[in-house]
Amino acid sequence: MDAIVDLGATRAHRVDPELPILVSGLNHWFGTGEARKQALFDIDLTIDRGQLVILMGPSGSGKTTLLTLIGCLRDVQAGSVSLLGQELNDASEAVLVRQRRRLGFIFQLHNLHESLTAMQNVRMGLEVHGKIASSSWRPAAEHILSLLGLEDRLDYLPANLSGGQKQRVAIARALVGNPDIVFADEPTAALDAESGRHVVEMLKLLGRERGTTTLMVTHDNRILDLADRIVQMQDGRIVEDQMT
Amino acid sequence: MTAMLTRLLGRLPIGWLQLVHKKSRLAAAIAGVAFANILIFMQLGFLGALMESIMLPYRAMDADVLVSASDANTLSDGSNLPRQRMFQALAVSGVEDAIPVYFAKLDWEPAADASVSLHVFGIDPNRAPAFWATEIAEKLNRLRLPDTALLDRKTRNISPAFFDDLASGKARSFEMNNKTIDIVDTVSIGAGFEADGYLFVSDQTFLRLFPSRVSGAPNHVLVNIEPLADRDTVVAALQNALPASDTIVRAFDDAAEADRTYQTTERPVGVVFGFGVIIGVLVGIIIVYQVLSTDVADHLKEYATFKAIGYRQRYFLGIVFEEAAILAVFGFVPGILIALGLYQVVSAVTGLPLVMVAERPPAVLFGTIAMCVFSGAIATRRLAGADPADLF
Ligand SMILES: Nc1ncnc2c1ncn2[C@@H]1O[C@H](COP(=O)(O)OP(=O)(O)OP(=O)(O)O)[C@@H](O)[C@H]1O
Ligand SMILES: [Mg+2]
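Sequence order for the protein chains is H and X.
So the first sequence is residues 1 to 244, counted in the working numbering.
So the second sequence is residues 1001 to 1392, counted in the working numbering.
Keep in mind that the hints were calculated from the coordinates and are not lab data.
Check each hint, because a few of them may be wrong.
As the list claims (entries may be wrong) - One-sided and incomplete, this derived list gives chain X residues near chain H with beta-carbon spacing under 8 Å:
| id | residue |
| --- | --- |
| 1 | LYS1301 |
| 2 | ALA1308 |
| 3 | ARG1312 |
| 4 | ASP1387 |
| 5 | PRO1388 |
We put the beta carbon where it would ideally sit given N, CA and C, even for glycine.
Construct the complete structure from the given sequences, taking the supplied hints into account.
Rendered as structure tokens:
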């Protein structure tokens, strides 16, 4: 598992003095007019570097909404979200793009590109940082895919992979760029218990070795023991916040 | 191809990979672009043939100034001109010589099952050579005998065997407008949209062929100026000397140019072909837009994911432009090959000068790329403003 540190070979290691996540007074609404409905109420949340934080709560409690707001995937309407020292409320598209490149996303659905092989999909996670030499990306992509047990599926198209394999390719794509923060929305839903736990262990190790911060939504009780902290949401509010 | 494009673009050629992933859709898209290209090439071919065929009779002449009736737009339309204008022109300083040209249309049956329409020029064989291009000028003396004619050997719908018989002297005399005319030689001009070919006769023969015409009312007057005279000055002097109410005086090249402009922009044939080019472009844009916007819609999830990772709007524009360029080039190749084949077929069947002029393929290729890129730019618009989270 210590081989994971080699991921840094593709990008200079970034020592980050800034606080990864600092949310205060965050409110969010969906819809307009009569249909306008508040999804988040006065959220305050601070997450330290290297922590693995799990976000739990019933369906519709606002977990995904919070994740996408902190992850620069939605415009912040009211309140403040500071990501790696950068305020996102009213941030320009250029700032959002720059911040997104420091993040890794693992979505509920894998969202792999159907025309690209596993290797090429992972490459997309590297290429976003600029032009890459054809010599440098292969070892990095191969390494991360084999860490996830896909060493014999490198050149498969998504159509020829199982659901769990696709999800692992998506995880590789999120991690290959060596992100400062990983956002994961039920990343283990499509995985069996063993590989699900393996993935979360990887994230935890990344936090220890590289200071990678992880904010993860999950319903999976079997991995709660790996969390540094568990945040509970209900009806758009944080109702419980416990260190483990 | 993928490796080559990767080097060329400095990134994964997503557009190419997306296109080849759906082979049947790619084939349909290429066929669509090729179809639009063929349409445009054919319309441009017809338009070019129209322009070319309009110029053919002008090129057979070698005059400096054309004097016509003021309502004449082409060689064949307009009123007759009083011959008095020729005498007035001859009196203008700088004018060397002037001759009347009689012009009419004639339907002729060279054989029992054939029918052609000819444009007939009636000119004085003694004075005309100075006003005509070499080939015709050299043969005009053969028209000194009455009831003789020179026939355009490129006349449409006349078999090569006919001209063989003509050359060997087997057949010479033919019925035209109930007169017997001897075809004594041939000249080379070419078919047009209005007539199948040309016939040259002396002014005397012309007046016998067309009894309603009189020698005092030719269709045009050709003017040559003295070698040292300035053409523009002489044209101005002629315009001054001749009444603008019934006469228009133009430098010869200007008259030819005006005829071409008139026929391509005001006559139905020209407008139809010009319109055809526009239709071809529209069909092309619609096909390419359809393909590209469907493709963008199909990949919205993936693009949203890329956007979430940190790719910019111009990256997606790049993907769509890449697809557009690939479609443009891949559609162009079969398009031009088929168009070249059709040019040959149509030329052979109609005798019209359909030729692929050198500047046409690059113009159509760049036009195709431009219309593909334009369609692509529209197709990616819906990606621009959206929050990535709303696109999943
Ligand atoms: N795009 C949207 N448009 C309108 N309402 C939305 C949208 N996304 C979420 N909501 C609403 O906001 C609230 C919070 O939704 P959210 O997806 O954040 O919940 P969640 O905790 O992630 O639920 P789940 O566990 O089912 O994924 C819900 O009431 C939901 O209906
Ligand atoms: Mg959710």
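Structure-based check of all given hints:
1. For the restraint placing X/LYS1301 at the interface with chain H, the shortest Cβ-Cβ distance is roughly 6 Å, inside the 8 Å limit, so the hint holds.
2. Hint status for X/ALA1308 relative to chain H: holds, with the closest Cβ pair at about 5 Å, below 8 Å.
3. Proximity of X/ARG1312 to chain H holds as hinted, the smallest CB-CB distance being about 6 Å (cut-off 8 Å).
4. Given the 8 Å rule on beta carbons, the hint for X/ASP1387 holds: about 5 Å separates it from the nearest Cβ of chain H.
5. For the restraint placing X/PRO1388 at the interface with chain H, the shortest Cβ-Cβ distance is roughly 5 Å, inside the 8 Å limit, so the hint holds.
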